[in-house]
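*Asks:* Protein sequence lines, in the order shown, are assigned to chains A and B.
Residue numbers for the first sequence follow my numbering, so the first one is 516 and each next one is one higher.
Residue numbers for the second sequence follow my numbering, so the first one is 516 and each next one is one higher.
Please note: incorrect hints may appear among the correct ones.
All copies of an identical chain are treated as equivalent in the list; a pair is satisfied when it fits inside any one copy or across any two copies.
[As the list claims (entries may be wrong)] Computed list of lysine to aspartate or glutamate pairs in EDC-like fashion (alpha-carbon distance at most 20 Å, straight line):
#	residue 1	residue 2
1	K607	D892
2	K674	E577
3	K841	E905
4	K914	E932
5	K626	D892
Calculated directly from the structure, the hints in this document are not laboratory data.
Since the model is a prediction, treat every value here as computed from it, not as a measurement.
There are 2 protein chains.
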Amino acid sequence: MNIIDREELTSIKRRVDQGTEDQRKSVKEIISAVRNQGDTALYHYTETFDGVSLHSLKVQPEEIEAAYQALDGEFVEILQEAADNIRQFHEKQTSTSWFDTSTDGTILGQKITPIESAGVYVPGGTAAYPSSVFMNIIPAQVAGVTNIYMVTPPGKDGKVPDGVLLAAHILGIDHIYKVGGAQAIAALAYGTETIPTVDKITGPGNIFVALAKREVFGDVDIDMIAGPSEIAILADETAVAGEVASDLLSQAEHDARSSSLLITTCRSLAEEVKQEIETQLANLPRKAIARASIEKFGMIILCRHLDEALETVNEIAPEHLEVVTKDPFQQLGKIKHAGAIFLGPYSSEPVGDYFAGPNHVLPTNGTARFSSPLNVDDFVKKSSVISYSEEALQKNADKIARFARLEGLEAHARAVEMRKERWK
Amino acid sequence: MNIIDREELTSIKRRVDQGTEDQRKSVKEIISAVRNQGDTALYHYTETFDGVSLHSLKVQPEEIEAAYQALDGEFVEILQEAADNIRQFHEKQTSTSWFDTSTDGTILGQKITPIESAGVYVPGGTAAYPSSVFMNIIPAQVAGVTNIYMVTPPGKDGKVPDGVLLAAHILGIDHIYKVGGAQAIAALAYGTETIPTVDKITGPGNIFVALAKREVFGDVDIDMIAGPSEIAILADETAVAGEVASDLLSQAEHDARSSSLLITTCRSLAEEVKQEIETQLANLPRKAIARASIEKFGMIILCRHLDEALETVNEIAPEHLEVVTKDPFQQLGKIKHAGAIFLGPYSSEPVGDYFAGPNHVLPTNGTARFSSPLNVDDFVKKSSVISYSEEALQKNADKIARFARLEGLEAHARAVEMRKERWK
Numbered sequence: 516m517n518i519i520d521r522e523e524l525t526s527i528k529r530r531v532d533q534g535t536e537d538q539r540k541s542v543k544e545i546i547s548a549v550r551n552q553g554d555t556a557l558y559h560y561t562e563t564f565d566g567v568s569l570h571s572l573k574v575q576p577e578e579i580e581a582a583y584q585a586l587d588g589e590f591v592e593i594l595q596e597a598a599d600n601i602r603q604f605h606e607k608q609t610s611t612s613w614f615d616t617s618t619d620g621t622i623l624g625q626k627i628t629p630i631e632s633a634g635v636y637v638p639g640g641t642a643a644y645p646s647s648v649f650m651n652i653i654p655a656q657v658a659g660v661t662n663i664y665m666v667t668p669p670g671k672d673g674k675v676p677d678g679v680l681l682a683a684h685i686l687g688i689d690h691i692y693k694v695g696g697a698q699a700i701a702a703l704a705y706g707t708e709t710i711p712t713v714d715k716i717t718g719p720g721n722i723f724v725a726l727a728k729r730e731v732f733g734d735v736d737i738d739m740i741a742g743p744s745e746i747a748i749l750a751d752e753t754a755v756a757g758e759v760a761s762d763l764l765s766q767a768e769h770d771a772r773s774s775s776l777l778i779t780t781c782r783s784l785a786e787e788v789k790q791e792i793e794t795q796l797a798n799l800p801r802k803a804i805a806r807a808s809i810e811k812f813g814m815i816i817l818c819r820h821l822d823e824a825l826e827t828v829n830e831i832a833p834e835h836l837e838v839v840t841k842d843p844f845q846q847l848g849k850i851k852h853a854g855a856i857f858l859g860p861y862s863s864e865p866v867g868d869y870f871a872g873p874n875h876v877l878p879t880n881g882t883a884r885f886s887s888p889l890n891v892d893d894f895v896k897k898s899s900v901i902s903y904s905e906e907a908l909q910k911n912a913d914k915i916a917r918f919a920r921l922e923g924l925e926a927h928a929r930a931v932e933m934r935k936e937r938w939k
Numbered sequence: 516m517n518i519i520d521r522e523e524l525t526s527i528k529r530r531v532d533q534g535t536e537d538q539r540k541s542v543k544e545i546i547s548a549v550r551n552q553g554d555t556a557l558y559h560y561t562e563t564f565d566g567v568s569l570h571s572l573k574v575q576p577e578e579i580e581a582a583y584q585a586l587d588g589e590f591v592e593i594l595q596e597a598a599d600n601i602r603q604f605h606e607k608q609t610s611t612s613w614f615d616t617s618t619d620g621t622i623l624g625q626k627i628t629p630i631e632s633a634g635v636y637v638p639g640g641t642a643a644y645p646s647s648v649f650m651n652i653i654p655a656q657v658a659g660v661t662n663i664y665m666v667t668p669p670g671k672d673g674k675v676p677d678g679v680l681l682a683a684h685i686l687g688i689d690h691i692y693k694v695g696g697a698q699a700i701a702a703l704a705y706g707t708e709t710i711p712t713v714d715k716i717t718g719p720g721n722i723f724v725a726l727a728k729r730e731v732f733g734d735v736d737i738d739m740i741a742g743p744s745e746i747a748i749l750a751d752e753t754a755v756a757g758e759v760a761s762d763l764l765s766q767a768e769h770d771a772r773s774s775s776l777l778i779t780t781c782r783s784l785a786e787e788v789k790q791e792i793e794t795q796l797a798n799l800p801r802k803a804i805a806r807a808s809i810e811k812f813g814m815i816i817l818c819r820h821l822d823e824a825l826e827t828v829n830e831i832a833p834e835h836l837e838v839v840t841k842d843p844f845q846q847l848g849k850i851k852h853a854g855a856i857f858l859g860p861y862s863s864e865p866v867g868d869y870f871a872g873p874n875h876v877l878p879t880n881g882t883a884r885f886s887s888p889l890n891v892d893d894f895v896k897k898s899s900v901i902s903y904s905e906e907a908l909q910k911n912a913d914k915i916a917r918f919a920r921l922e923g924l925e926a927h928a929r930a931v932e933m934r935k936e937r938w939k
């Protein structure tokens, strides 16, 4: 992990993967095959890409029951507590319809309605996380979405990991389909014999999933297209090097393309963290991944003062930001762009990944400049409500007609003037 | 305009334009040229596509002053009143940061911050609407976006329409650039010598603009990709045929691909509206467009009862919905999907297009199932805030570590356990 002075830093490496032309072409072919052949295409691609020939796409109740038996009761309790925390936090995000009335009789407002159906993509393999099930589904449930469908690629044994099934079961989700990749996104967007069309698709995935989401966007809604995970830690001399290093590594172990940055005003901390990273790396199970990530995308940025450090943070707009300084709350107002902000030495990033309550689906790759964590608002839509009274229209009809004519829209003007017959 | 019984209706024609392969290719080329050559590419494309060779991309203060002089004072007042109404409505949409505290010291919350910069696309030609300037820019201003840039294609005379300049001036916007099409979107997404990079791009445009927005999505945020405008009117025997017909035509005059639907329980109203459409069409200035739209995408759907009519409305998920029934507020709870809902006979759609206050940038093409009108929330982002106390971490560290290990993420577990040193 290199230490670099802020003044010498020209840019932070970003790792947007837009996909190759070949990948884009193959995603389009897959989508088109699923639209034309439905389930047949899903079985075919599952055999080709996941190496398993399935008899049924839908997970059966026995499989969920088996997952329940396979995991011990204490663990089930932990999962349940995490789900409760996540639900509690998201319940605070709900908003309500509102109206505003005028004395002339006008009523204007916003009516909030949940979307009807959502599809959640849960990646397979080593990235099949029960926490992803919680983080994607709970906001939808809190919003009031009644039809929630989960898709996830099966292993070579045709199974879905126990933890994922258990997490879904805890949430009461029983529509789970064994299909992944672009074909799963296509199925949720356009429907097949088995899988229903949904209004919104969320959840992370590989480049094929990301490209497919971009392709179907507009026909259905999608969440942001996620890039590799990132952490930035803003620390001063009060931070403990071992803790900082362990938090950086927790991000680095995700993916060789993950990015871990320390932004500090303290040279001795920088040196110590660099050393700690080496020590702790040595006996991590996923050390190959973590080392690749640290070497390619890890960096310690030395700043002259806290304001410069904060400026650097805002330029980066990190997905996860830890603030480990003397008085972390003092810095909160100065942070403009970050997906999730962890304040103080006890708010290690994994606290938020699994358990505290806020969502771990966060804007990556600098998109925290304009995007939010997945939240309840993502699963509702707002309709404007306009009720004009006779008095209001009498007062304003001529102005509205004049405005319409300036825009060259005569029929608009006449539609309003047509009502004037009523008070002639 | 055909009358069709609900039972016989199989599907509503949708007009999604995904663009041809050639259009997609040319959009990619344009984006790449703007990224590589900056302003030079913008001047080049403006000459090619808009047929004008510009000396400067930026609108000069004299041009805004000239627009001001060209329009009469009374009209300026109408525009100002509309802007005030729109601002008042959108100010009711603002939300605030919040925190939740626990007795164990944990603080969880959501910090709301405006995005820093937004770019607004305003179409040129006959679709250069001052109201679009208001509807796109006011929500951004209310949200607290400080840097707002407007792009719009110049006419062959190198000018931007007076109404558009005046509307921008009323809002205090002075960064206006004469560039349109995919090249304008590319400029806002990636920046040129003259045009700065923004965080979010909104505003309607032709297929090249729509494809370019889809292409840059992810690097910057975009609003929904708008399709042709649509209206559905739900009416019973209390509705006045002339008024209903005039409202349908106000939609039809926008675009030959616009869609105007009447959904009614009353056969005599259906017959009368059909007749009225013919009569009113005869002397509309934009009758060619309106007739093409009505013939291809207009329809009167006869339902057996109000519930069937409401079901039909929800299937369509119209952009604009008028409810002209005996007690329109009684129906509001049954309407699940609509961009904007106009209640009662005085709430003619143009009331909302220009003047009442709610936004006219609405989800088209059935996307009201999952999308909202443009609103203040579109210009803020929410950061999660997590502050765990020592007590909270002591209580939960083992659970969090166990959860991490189930997901195969050892470094996550160790990051949390590292803190246990503190209370040993």
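*Asks:* Take the hints in turn and mark each one as holding or not.
*Replies:* Hint-by-hint comparison with the structure:
1. Both within a single protomer and between protomers do K607 and D892 lie at most 20 Å apart by alpha-carbon distance, with minima of 11 Å and 17 Å respectively.
2. For a Cα distance limit of 20 Å, the shortest separation of K674 from E577 inside one copy, 12 Å, qualifies, whereas the shortest one across copies, 70 Å, does not.
3. In this assembly of identical chains, K841 and E905 lie within 20 Å of each other by CA distance solely across copies; the values are 15 Å between and 62 Å within a copy.
4. In the homo-oligomer, the alpha carbons of K914 and E932 lie at most 20 Å apart inside one protomer (10 Å), although the nearest pairing across protomers, at 68 Å, exceeds that limit.
5. Taking the shortest alpha-carbon separations for K626 and D892, both the intra-copy value of 13 Å and the inter-copy value of 15 Å come in at or below 20 Å.
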